[in-house]
Amino acid sequence: MTTRESPRQFRLPRAETLLSYLHVATYSLAGVLALSLLVVGTVALIAEVKGTWHWMIHLESTISYMAVFVGLVLVVLVPLAGLTFAGRWLLDA
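Numbering that gives the first Met the number 0 puts the first residue of the sequence shown at 0, with every later residue one more than the last.
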């Protein structure tokens, strides 16, 4: 006689596990945001030291691309941070 195995049921992870995933995502995006701002600052510093029009063009293009990138990261980061704070508040309550 053979026994049939029941299909494995999908279970949601615990609240602490979900909150830790949310923390990792939030801190990773915050790190990416900090590194992108560091890149803009580095290019601005080089442009100031060099003082040539060539580096000023690099600075303008870097700032315009980073503005779009930072805007998109903030669209995701702000709700994630809000969920992280709300989740921690609800979990600790």
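No wet-lab data here; the hints were simulated from the structure.
Hints may be right or wrong, so weigh each one.
[Claimed, not checked] Beta-carbon label-pair distances, calculated as ranges:
1. Thr-41 x Val-67: 31 to 39 Å
2. Ala-14 x Tyr-64: 16 to 24 Å
3. Ile-45 x His-22: 30 to 38 Å
4. Thr-51 x His-22: 38 to 46 Å
5. Pro-12 x Leu-73: 26 to 34 Å
6. Val-23 x Trp-88: 13 to 21 Å
Every residue gets a Cβ at the ideal spot worked out from N, C-alpha and C, and that includes glycine.
Tell me the numbers of any earlier hints that the structure contravenes, in ascending order. Violated hints (numbers, rising): 1 and 2; every other hint is consistent with the structure.
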